[in-house]
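S.K.: Sequence:
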Amino acid sequence: MSRRHAPSNEAEHGGIDRRTVMRTLGGGAATVALAGLSGCSALLDGGGSDDGGTSEDGEIGTEPLEAGMLTFTEGAPGVLGIQIQRGAELAVERVNEAGGVYGQRPLNLDIVDEGQNPLDSYRQMIDEGKDVTFGPVSSGTHEQIAPEVESQEVVNISTAGTVTTLYWDTVSDPTYSFRFQNSDLMEVLVVAREAVDRMGADNIDTVAGVNPGYSFGEDEQRFFKLALGGLIGDFDVVYEGLPDLGTSDMSTHISEINSTQPDLMFSSLWGGDAVTFLEQAVANDMFSDTRVASTV
Numbered sequence: 006m007s008r009r010h011a012p013s014n015e016a017e018h019g020g021i022d023r024r025t026v027m028r029t030l031g032g033g034a035a036t037v038a039l040a041g042l043s044g045c046s047a048l049l050d051g052g053g054s055d056d057g058g059t060s061e062d063g064e065i066g067t068e069p070l071e072a073g074m075l076t077f078t079e080g081a082p083g084v085l086g087i088q089i090q091r092g093a094e095l096a097v098e099r100v101n102e103a104g105g106v107y108g109q110r111p112l113n114l115d116i117v118d119e120g121q122n123p124l125d126s127y128r129q130m131i132d133e134g135k136d137v138t139f140g141p142v143s144s145g146t147h148e149q150i151a152p153e154v155e156s157q158e159v160v161n162i163s164t165a166g167t168v169t170t171l172y173w174d175t176v177s178d179p180t181y182s183f184r185f186q187n188s189d190l191m192e193v194l195v196v197a198r199e200a201v202d203r204m205g206a207d208n209i210d211t212v213a214g215v216n217p218g219y220s221f222g223e224d225e226q227r228f229f230k231l232a233l234g235g236l237i238g239d240f241d242v243v244y245e246g247l248p249d250l251g252t253s254d255m256s257t258h259i260s261e262i263n264s265t266q267p268d269l270m271f272s273s274l275w276g277g278d279a280v281t282f283l284e285q286a287v288a289n290d291m292f293s294d295t296r297v298a299s300t301v
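All residue numbers for the sequence shown refer to our numbering, where the first residue is 6 and numbers rise by one.
Just so you know, these hints were derived from the structure itself, not from any lab. Each hint should be verified, as a subset may be incorrect.
Stated by the list, open to error - Ranges of calculated distance between the beta carbons of each label pair, as one might list FRET restraints: (1) G238 <-> V195: 11 to 21 angstroms; (2) A206 <-> E153: 41 to 51 angstroms; (3) D174 <-> G235: 15 to 25 angstroms; (4) D132 <-> E261: 26 to 36 angstroms; (5) F185 <-> V287: 27 to 37 angstroms; (6) M191 <-> G238: 15 to 25 angstroms; (7) T67 <-> T257: 51 to 61 angstroms; (8) G235 <-> T67: 52 to 62 angstroms; (9) A206 <-> D294: 11 to 21 angstroms.
Just so you know, even glycine gets a beta-carbon here, dropped at the ideal spot from N, CA and C.
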């Protein structure tokens, strides 16, 4: 199936914006994306149109829509990635049971592992003629593919990849790239306020952090310190750790926490890394002297 792209020349489409893209694609890629992953009842019921499958822009057609999803299918990140995969597969199943998009276009979904060369994997999906893509999970991957999404002019919807600077710096004026997950900054502000409410500002003098060793974890750690400082004023950072994804031995970080005994430890470890850290922290009695706040 050939790619179906919206016009890329601004003069041809009159200064198209993101809202217009979603509207004008009608029964195409963007509608599928929002219907399949955000529970649009009209499409799940098989009805998005009252006139037998046409939109204000013309015929929708009956050929299948081809979708691809980048997600982690194995390893520590797979603890989260496979959940996202199963949710997408369930959504596609419901859409197709209802007759497809607008009751007449079946939706096919290919799952591609995000773990190896995700940018190349994304480009391969586009070369295969995908009408819409979903993913990725990792913020680092999202930073890689977002500019390519705009270049390829194929709508991409992500449920994760929450790096705050994605739409500030990486792609500051996106047309085809969408994300319906909280940014890092939003998550961190909520957690910081909750920690202060529960512990009391006067009881937080020392802080530590153990976060994933790439842009997501670095952003979360930095924003947490800024948010906490705005809420309680000065505090001492006694330890900061940034383990790589898939780290199986967290003992170095846990030993540092037990040694420094911070009043509060912040963590955004996720997936299998969160499980590994928590299991080893419990085994080493880390929680007896330290409170933990987490965004995941």
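S.K.: Check each numbered hint from earlier against the structure, then list the numbers of those it violates in ascending order.
M.R.: 4
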